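Protein sequences appear in the order of chains S and Z.
For the first sequence, position 26 (counting from the first letter as 1) is numbered 26 according to full-length UniProt numbering, and the numbering increases by one without interruption.
For the second sequence, position 69 (counting from the first letter as 1) is numbered 69 according to full-length UniProt numbering, and the numbering increases by one without interruption.
Some hints here could point you the wrong way.
Stated by the list, open to error - Straight-line alpha carbon distances no greater than 27 Å define the calculated DSS-like cross-link-like pairs of lysine-lysine that follow:
#, chain 1, residue 1, chain 2, residue 2
1, S, Lys358, Z, Lys8
2, Z, Lys3, Z, Lys46
3, Z, Lys115, Z, Lys8
4, Z, Lys24, Z, Lys8
5, Z, Lys24, Z, Lys115
6, Z, Lys82, Z, Lys8
7, S, Lys358, Z, Lys3
8, Z, Lys82, Z, Lys24
9, S, Lys358, Z, Lys24
To be verified - Restraint-style ranges between C-beta atoms, simulated for each label pair:
#, chain 1, residue 1, chain 2, residue 2, range
10, S, Glu3, Z, Pro77, 26 to 34 Å
11, Z, Ala42, S, Ser327, 34 to 42 Å
12, S, Pro104, Z, Gln54, 30 to 38 Å
13, S, Gly343, Z, Gly48, 19 to 27 Å
Calculated directly from the structure, the hints in this document are not laboratory data.
These figures come from a predicted structure and were not determined experimentally.
Even glycine gets a Cβ: it sits at the ideal position worked out from N, Cα and C.
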Amino acid sequence: MNEALLRSLTPSVLGILVRRGADFAAAEDAVQDALVEAVRVWPADPPRDAKGWLVTVAWRKFLDATRADAARRRREDLVDEEPAPGPAPTVDDTLQLYFLCAHPSLTPSSAVALTLRAVGGLTTRQIAQAYLVPEATMAQRVSRAKRTVSAVRFDQPGDVTTVLRVLYLVFNEGYSGDVDLAAEAIRLTRQLAAAIDHPEVAGLLALMLLHHARRAARTAPDGSLVPLAEQDRGRWDTELIAEGVEILQAALARDRLGEFQAQAAIAALHADAPTAEETDWVQIVEWYDELARLTDSPVVRLNRAVAVGEADGPRAGLAALAALDDSLPRHAAVAAYLHERDGDLATAARLYAEAAHKAPNLAERDHLTRQAARLNARRCH
Amino acid sequence: MAKYLLLKHYRGAPAAVNDVPMDKWTPEEISAHLRYMNEFAARLEKTGEFVDGQALAPEGTFVRYDGEGRPPVTDGPFAETKDLIAGWMVIDVDSYERAIELAGELSAAPGAGGKPIHEWLEVRPFLAATPTITECPHR
């Protein structure tokens, strides 16, 4: 059975139920039930019209649930009315679902959970596994999220930037368990790009594709991190890079720059370099300047200091770094790197150890500890 | 089956036999250590004894309630804190002896010079749920 096809149908089926008059929360439950049934039934008995099957089964699930509901009387009118299974404007429905699931009244974790379930068609169990929380916790998060947006009208226009934040969060989570969240984020962003014409949607999609292209090269067989400069560029996915660059160029040509396009441009410049030494750091610094102008983020200025260090030498990088608050996440790691490039191995080793102490995740901690160890070993022998 | 927490300390445990800070090892020794830890966890998953394993950042904050309508008070991290947890593994095993055996194996993870660290790990039994049948003839 084609699970990707099944999941891609989720938002349009849900949209149809909502347009028929089902409230969002009940419709979403019904679609989830229909998906579970499809997984059970389809392998032995695949339907000719997958979407029609899902709409029929989900609608029946919705009616069953409504009939069983204590508020049955109130809804009898609705139940008696069998809707005509005509075509619905599915693209709009999909877009509205994205807006609803990323509604600004939701917390980021709720928006992520609801998007993955209602738009992505993942089961609560799969989402729970991916985020390493108990299934009951994730089920509660989803139902609370649905209550939060219950008063939001489905046809209300939303803000695409909130949707992009949610998809960015999903992508950055990478993958754990049997659900590949990065691939899922790309699928959902592609689907969004098909539903709305917006340069930042294209920018985010390009950014994801360009980073995803490096995935195979990013970790060693033992699971340790491989920094960009040391990656085997032969293992980068050239098809994804070509697609990302093409999407980015089309977006940039529209002259409505945003932070995702700028980030994607930096990723594209890395992708463009046959070797780390051939990286066009001068252009990368220029893109960081654009990014700093767009976001005013200290994290951007921290990364810019690294690029300055490559473009104009480590001393210039350290000068750029000196202007920044040293309590910034990864400040010590950047300082360590620049001091190493500047030849001050003792300071670099001390800062790598400090950076490891402050590292936000295990892979980075192990990587930074190894860097400290490498320099300490060199200084001793 | 009974659950045990294997606790690893940044501070607070007696000194390990092979007590060298990790950034003074060689990168290869670090890799060997991490491989040993990963393989240990993978092996316990295979035997059906692994429950959970997590690592903690070295710095935390103390927090306490400060009265109605007031934000909580925070303090720390304290450099003088005697006991500092680095991480844990939860195992579900048939006996206390098995828990001790596994903690011993974990403590043998290689460190500086490729030699076992002989690190002290703390083994703490979980307080179990109340059994359904309490009139047990074996007790």
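Each hint, compared with the structure:
no. : hint                           : verdict
1   : S/Lys358 / Z/Lys8              : holds, 18 Å
2   : Z/Lys3 / Z/Lys46               : holds, 17 Å
3   : Z/Lys115 / Z/Lys8              : holds, 18 Å
4   : Z/Lys24 / Z/Lys8               : holds, 20 Å
5   : Z/Lys24 / Z/Lys115             : holds, 14 Å
6   : Z/Lys82 / Z/Lys8               : holds, 14 Å
7   : S/Lys358 / Z/Lys3              : violated, 31 Å
8   : Z/Lys82 / Z/Lys24              : holds, 23 Å
9   : S/Lys358 / Z/Lys24             : holds, 18 Å
10  : S/Glu3 / Z/Pro77: 26 to 34 Å   : violated, 46 Å
11  : Z/Ala42 / S/Ser327: 34 to 42 Å : holds, 37 Å
12  : S/Pro104 / Z/Gln54: 30 to 38 Å : holds, 32 Å
13  : S/Gly343 / Z/Gly48: 19 to 27 Å : violated, 53 Å
Taken one by one, the earlier hints fail for this structure at numbers 7, 10 and 13, listed in ascending order.
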